[in-house]
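Chains A and B, in that order, are what the protein sequence lines are. With the working numbering applied, the first sequence corresponds to residues 1 to 160, in that order. With the working numbering applied, the second sequence corresponds to residues 1 to 421, in that order.
Just to be clear, a hint being listed does not mean it is correct.
[Said to hold, decoys possible] Simulated pairs of lysine-lysine, DSS-like, Cα-Cα distance not exceeding 30 Å:
1) A:Lys158 with B:Lys156
2) A:Lys121 with B:Lys418
3) A:Lys28 with B:Lys235
4) B:Lys320 with B:Lys376
5) B:Lys320 with A:Lys28
[Unchecked claim] Facing chain A, according to a computed beta carbon distance under 10 Å, are these residues of chain B, among others:
6) Pro40
7) Phe67
8) Ala70
9) Asp123
10) Thr137
11) Leu144
12) Gln338
13) Asn340
14) Gly366
15) Met368
16) Val386
Hints were generated in silico from the structure; no laboratory data involved. For clarity, every value in this text was computed on a predicted model and none was experimentally measured. Idealized CB from N, CA, C, for every residue including glycine.
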Amino acid sequence: MAHAHVYKRDHINTDEIIPARYLNTDDKAELAKHCLEDLDKDFVSKVQAGDIIVAGEDFGCGSSREHAVWAIRGAGIQTIIAKSFARIFYRNAINNGFYIIESSEGLEKINNGDELEIDYKAGLIKNKTAGVDIKFKPLPGFALEIINNGGLLEHIKKKM
Amino acid sequence: MGMTITEKILARAAGKEEVAPDDLIDARIDVVMCVDVTTPPAITMLEEKGLDQVFDREKIVVTPDHFQPAKDIKSAELHKRMDEWARRHKIKYYYKIGRAGVCHALLPEQGHIRPGEVIIGPDSHTCTYGAFGAFGTGVGSTDLAAAIATGELWFKVPASMKFVLNGSLGPGVYSKDVILTVIARIGVDGALYKAMEFVGPTLAEMSMEARMTMTNMAIEAGGKNGVIGFDDVTKQYLDEHLKDKTDYTVYESDEDAEYVRVEEFDCSAIEPMVALPHLPSGGVPIGECAGKAMDQAYIGSCTNGRIEDLRIVGKIFKGKKVAIRTIVVPATPTIWKQANDEGLFDIFYEAGCVIAAPTCGACLGGFMGVLAAGEKCVSTTNRNFVGRMGHPESEVYLASPATAAASAVEGKLTDCRKIKY
């Protein structure tokens with residue numbers, strides 16, 4: 001049962017996702033405890049494994065810290081649906097084998113708490129609560145290849 | 001079709017005659033930069049994947065900077081992991097504490113940045129190096145790990161945007177004010193995935209230090225890289241700083257190169273700027289925000305912690321006292337020594353400032369000047385996101401060193417042109 005955590009905001013940045021005061025560790029479980037702390041201090045207590053974050057433009061802007069991806073995944077988030085992603089965050093997600101979804105409609109058609117089901121192959125978000133389907137463009141082939149191989153380093157190992 | 005500087009550098013790095021925007025390439029990396037917060041996770045990944053190797057020990061440059069000297073036990077552990085790894089692999093250019101500094105100030109100063117080369121680093125402000133006609137871009141720890149092991153990374157060739165800078169800067173106006181003006185116009189995602197190429201006569205009047213302030217903040221507009229073409233100013237800096245490898249290739253954008261957007265600026269009309277909380281795009285002329293009370297001034301970082309910045313601050317502080325907590329952080333040991341030799345530390349001491357060791361420190365809310373709830377800081381750094389320099393209810397106001405120094409003297413946001421210096 002995947003539920004949406006909707007933030008009607010653009011430019012949710014890496015300092016909000018995982019503040020630098022926690023960057024003295026790369027322990028994913030530890031980072032997950034502080035995920036989105038400065039944006040929504042209740043996020044970690046609300047989130048359940050498989051849930052989905054929904055947001056506006058330029059998600060993950062700011063720092064190159066991959067800790068942002070680790071914190072979000074560590075918190076159990078299945079995917080992020082955003083209007084657009086900042087460049088380094090996008091790379092970091094793919095390199096970690098983390099499928100993220102660009103959708104211009106997600107924010108308009110998904111409300112906080114809505115139950116979602118995602119068909120990654122078909123490029124379809126099913127909003128079961130609202131009874132609407134939202135199409136998205138699946139990630140490009142090279143990104144899928146990295147994700148299917150389990151991340152960039154595994155991908156490289158296969159090619160070596 | 002002609003190519004831009006960025007496209008030419010990436011084509012060369014990919015071993016191709018030409019590339020076009022959106023092409024996927026595997027590029028050879030010329031310099032891999034490593035810093036303390038983001039490199040230790042890369043090292044651990046490589047060890048766990050059985051890839052504990054370095055592609056070329058002479059093309060990797062290592063410096064602790066974000067939390068150095070270690071701010072707490074966990075940071076010390078990060079430094080230890082990086083130190084053991086750098087020594088195990090006999091990394092040739094390893095700047096240990098005492099010679100370590102803020103990476104984006106240190107690498108050009110120590111002669112590691114050459115035109116035409118591809119430089120990656122696990123820090124978003126790696127785009128700074130484009131000031132030298134190079135391609136620099138920030139990456140995460142996994143990309144860094146891949147680059148360390150193989151010397152290659154995948155890139156999507158970015159489309160280029162052109163920023164034409166005309167006119168001479170007025171008194172009290174600096175390159176920081178120009179870049180804050182650019183970001184205020186296009187927004188924090190105005191250059192998302194794009195190359196930001198700066199051209200125009202205003203650049204000829206800017207030193208390399210001033211140019212680095214501009215390219216440093218390309219990421220604050222979402223840019224993949226910032227780039228400025230090679231000229232006599234570039235050459236002179238390189239002649240003074242390059243050491244072991246002094247040859248390089250200069251690329252220029254073709255006249256018929258394609259730009260997805262062109263923005264022109266009359267830089268003679270730019271005023272001293274302050275980016276209000278909580279986005280770097282919140283820039284307004286000082287006239288619209290002067291008088292706002294501050295609790296702290298922070299002068300340092302990869303954006304504005306170089307000797308030229310400290311000299312400007314010294315001129316403003318000379319014979320005056322600061323009215324608020326003021327922290328000066330020379331970005332590298334060489335800058336620290338220069339400032340000391342030039343008598344700037346005496347001025348800072350007399351004015352009542354704290355002088356810190358080179359570190360990224362409080363720019364990212366690490367240490368050496370972290371803010372309490374409700375506090376406001378005028379800062380020469382590059383980001384003013386919520387909680388960036390400390391408590392989530394603190395506020396950061398981005399400005400040039402001159403504006404930060406004038407504001408430190410008055411204890412409130414102040415037009416530096418009011419002070420004779």
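Checked hints:
1. A C-alpha spacing of about 21 Å is found between Lys158 (chain A) and Lys156 (chain B), which places the hinted pair at or below 30 Å, so the restraint holds.
2. Straight-line distance between C-alpha atoms of Lys121 (chain A) and Lys418 (chain B) comes to about 62 Å, which puts the hinted pair past the 30 Å bound.
3. The suggested pairing of Lys28 (chain A) with Lys235 (chain B) is violated, with an alpha-carbon distance near 45 Å, which exceeds 30 Å.
4. Straight-line distance between C-alpha atoms of Lys320 (chain B) and Lys376 (chain B) comes to about 22 Å, which keeps the hinted pair within the 30 Å bound.
5. In summary, the hint linking Lys320 (chain B) to Lys28 (chain A) is not supported, as the alpha carbons are separated by about 48 Å, beyond the 30 Å threshold.
6. About 7 Å separates the beta-carbon of Pro40 (chain B) from the nearest beta-carbon of chain A, less than 10 Å, and the hint is met.
7. Here the hint on Phe67 (chain B) is kept, as its CB sits about 6 Å from the closest CB of chain A, short of 10 Å.
8. Given the 10 Å rule on beta carbons, the hint for Ala70 (chain B) holds: about 9 Å separates it from the nearest Cβ of chain A.
9. Because the smallest distance between the Cβ of Asp123 (chain B) and any Cβ of chain A comes to about 6 Å, under 10 Å, the interface hint for this residue holds.
10. The closest approach between the C-beta of Thr137 (chain B) and any C-beta of chain A is roughly 8 Å, which is under the 10 Å cut-off, so the hint is satisfied.
11. At its closest, the beta carbon of Leu144 (chain B) sits 9 Å from a beta carbon of chain A; the interface hint therefore holds under the 10 Å criterion.
12. The interface hint given for Gln338 (chain B) is broken, as the beta carbon of that residue sits about 28 Å from the closest beta carbon of chain A, more than 10 Å.
13. Hint on Asn340 (chain B) is violated. Least Cβ distance to chain A is approximately 29 Å, over the 10 Å limit.
14. Checking Gly366 (chain B) against chain A by beta carbon gives a least distance of about 6 Å; that is within 10 Å, so the hint holds.
15. Given hint, Met368 (chain B) at the interface with chain A, is violated; its Cβ is 13 Å from that chain's nearest Cβ, farther than 10 Å.
16. Interface hint at Val386 (chain B): satisfied, since its Cβ lies 5 Å from the closest Cβ of chain A, which is below the 10 Å cut-off.
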